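Engineer: This is what each chain is made of:
There are 2 protein chains.
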Amino acid sequence: MDAKTAIKTVMERNGEIRQIYWVACGGSLVDLYPAHCMMMAESMLVESGIYTSREFLLATPKKLGKTSLTVLCSHSGGTKETLDAAELALSRGSAVITMTHAPGSPADSDRWISWVYPWSEDQKTEVIPSGISLSIAAELLAAQEEFSSYDALMEGIRKMDGIVAAAKEKVRAELCDRFAALCQKHDFLYILGSGAAFSQTYGFAICSLMEMQWQHCAYLHSGEYFHGPFEVTEDGVFYFLQKSSGKCRPMDERAEDFLKTHTDTLMVLDALEYGMDAVDPAVRDYLDPVLFYAMNCELRSARGRLFDHDVDYRRYMGKVPY
Amino acid sequence: MDAKTAIKTVMERNGEIRQIYWVACGGSLVDLYPAHCMMMAESMLVESGIYTSREFLLATPKKLGKTSLTVLCSHSGGTKETLDAAELALSRGSAVITMTHAPGSPADSDRWISWVYPWSEDQKTEVIPSGISLSIAAELLAAQEEFSSYDALMEGIRKMDGIVAAAKEKVRAELCDRFAALCQKHDFLYILGSGAAFSQTYGFAICSLMEMQWQHCAYLHSGEYFHGPFEVTEDGVFYFLQKSSGKCRPMDERAEDFLKTHTDTLMVLDALEYGMDAVDPAVRDYLDPVLFYAMNCELRSARGRLFDHDVDYRRYMGKVPY
Numbered sequence: 001m002d003a004k005t006a007i008k009t010v011m012e013r014n015g016e017i018r019q020i021y022w023v024a025c026g027g028s029l030v031d032l033y034p035a036h037c038m039m040m041a042e043s044m045l046v047e048s049g050i051y052t053s054r055e056f057l058l059a060t061p062k063k064l065g066k067t068s069l070t071v072l073c074s075h076s077g078g079t080k081e082t083l084d085a086a087e088l089a090l091s092r093g094s095a096v097i098t099m100t101h102a103p104g105s106p107a108d109s110d111r112w113i114s115w116v117y118p119w120s121e122d123q124k125t126e127v128i129p130s131g132i133s134l135s136i137a138a139e140l141l142a143a144q145e146e147f148s149s150y151d152a153l154m155e156g157i158r159k160m161d162g163i164v165a166a167a168k169e170k171v172r173a174e175l176c177d178r179f180a181a182l183c184q185k186h187d188f189l190y191i192l193g194s195g196a197a198f199s200q201t202y203g204f205a206i207c208s209l210m211e212m213q214w215q216h217c218a219y220l221h222s223g224e225y226f227h228g229p230f231e232v233t234e235d236g237v238f239y240f241l242q243k244s245s246g247k248c249r250p251m252d253e254r255a256e257d258f259l260k261t262h263t264d265t266l267m268v269l270d271a272l273e274y275g276m277d278a279v280d281p282a283v284r285d286y287l288d289p290v291l292f293y294a295m296n297c298e299l300r301s302a303r304g305r306l307f308d309h310d311v312d313y314r315r316y317m318g319k320v321p322y
Numbered sequence: 001m002d003a004k005t006a007i008k009t010v011m012e013r014n015g016e017i018r019q020i021y022w023v024a025c026g027g028s029l030v031d032l033y034p035a036h037c038m039m040m041a042e043s044m045l046v047e048s049g050i051y052t053s054r055e056f057l058l059a060t061p062k063k064l065g066k067t068s069l070t071v072l073c074s075h076s077g078g079t080k081e082t083l084d085a086a087e088l089a090l091s092r093g094s095a096v097i098t099m100t101h102a103p104g105s106p107a108d109s110d111r112w113i114s115w116v117y118p119w120s121e122d123q124k125t126e127v128i129p130s131g132i133s134l135s136i137a138a139e140l141l142a143a144q145e146e147f148s149s150y151d152a153l154m155e156g157i158r159k160m161d162g163i164v165a166a167a168k169e170k171v172r173a174e175l176c177d178r179f180a181a182l183c184q185k186h187d188f189l190y191i192l193g194s195g196a197a198f199s200q201t202y203g204f205a206i207c208s209l210m211e212m213q214w215q216h217c218a219y220l221h222s223g224e225y226f227h228g229p230f231e232v233t234e235d236g237v238f239y240f241l242q243k244s245s246g247k248c249r250p251m252d253e254r255a256e257d258f259l260k261t262h263t264d265t266l267m268v269l270d271a272l273e274y275g276m277d278a279v280d281p282a283v284r285d286y287l288d289p290v291l292f293y294a295m296n297c298e299l300r301s302a303r304g305r306l307f308d309h310d311v312d313y314r315r316y317m318g319k320v321p322y
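Just so you know, the protein sequences line up as chains A and B, in that order.
Read in order, the letters of the first sequence are residues 1 to 322 in full-length UniProt numbering.
Read in order, the letters of the second sequence are residues 1 to 322 in full-length UniProt numbering.
One chain only, chain A, in its complex shape:
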């Protein structure tokens, strides 16, 4: 599958698309958020909504119908809420695209457009959900209206593989050991980020740390930090800031300026120092999450080694009833 063909098929079946809904759970939802941000910022025609799958089922948008495209992702191909959401969208006449890593799974169905993606270390960005979802959004924009950053985005997606490879070396050398050591000294940390990259602030917290490392933490939006959360800042409280490289960077910079002088335990991962300067500023905001995801993986692995906690070990997920 490729995004141009997928959007062509959608428009042949459904005609003009006026709503796009991004629906998944947990880590899969994280990968859809940058494309949602891009549609919100760049479209004159299409509205965009993003939902955890069960909420899409329980608080369904009234507009969901023939003018809608619902894009879902279930890595395992069997996430019940996501499959139910795909069925609901289909029953309302919406175009449906599902992404899954599992060929032959319930998510990989010829009742909708199925996109089976590979998954392993060092896959190209363009073939995994973070790249696919941006491509789907870009092709929809290009097919129905103008999208002046189309070439910059596609070039950026291709550039991310080299940027990520170099950034992995750099984060291992510069941040991983200190991050793991700080996790040993602190029961809890705050993670900050903004813009499309806020998806990876959330993902670092709920997937990399809570799920894979049983590490207590909280995710905060850098732009919201000064409207409440900063009162809890003091020496001894551990903050990790994902400093983005795109248009939302001023929010991260402001948070950093305050954190530098109000806690003695701050780590900053600056996307501009990790290769994002090579990407067109117009699309950096949407591609920072690709960088941050790869960095989250390195940081959690470093913690896992120090704590002897395998990042693939689960005590509940897939093991007990829930």
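Simulated from the structure, these hints should not be mistaken for laboratory data.
These figures come from a predicted structure and were not determined experimentally.
Glycine residues also receive a C-beta, built at the ideal position from the N, C-alpha and C atoms.
Some chain A residues close to chain B (C-beta under 8 angstroms, calculated; not the full set):
1. Ser43
2. Asp187
3. Val232
4. Arg314
Go by the hints and put chain B onto chain A.
Structural biologist: Only chain B this time, still in chain A's reference frame:
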């Protein structure tokens, strides 16, 4: 000001409204989220977006223009990001409504529609931002399309005052002391909720606890809990669940069922046991946040008394440069 007049004025000036943007920071943003959820679920015509003010400025939706209504809230009337967002919306031709508690403040301007609201214990729901924003959404729906739950919503807003008064007595008798005592035993807690009430899950965390009590905590969406965060659950980890009464309740129930048997430190505030059964099920989702906000206030006050930490004391906000 009343919502019917405000929407009439908007439509006389701007004609049909096709986008509504809810823009504020921190606690003010929390109060706008239920109206955003209502528009997403109930409108066939209007799209809805919600932004922290600085992100609205930095990642502005391309559609912002004459067919847009931008609703902002600044309690103090001087929140720079929110004022800048109002100016931006105005410059793009959007209709603008600002809510503020401060008459004569920069937010209270005759350059847009200004709604000055009273603020004190026991104000009626219909005159404070949580009620005003729902009324604005309801009047826009009623003016441009059908909104079959209009009467139920308006009746619900009126009913909330009695429900909240009784619930305050109940939460003081049943939950406040235990909550404060658990905060003494735990450095950290997780707060769970879903649907429109997720705004108060977030608000309890960032305003009531981080800002007003310097209490470390994290907010989680009940529907996302099983897709990562539940791996961190075990005896000794403190969870507070806001169990909503509306259509999103099944997500909270599922989380509760798991938490009951996987931690020994669970508190549940069940909106149905706190009076929400008196509200029409069609609009409970949008009014649960009014109940939860009042309960958050009682719980933080109880903690404040036990810790001798005045809920009105700040060390940074309004006191140091940032």
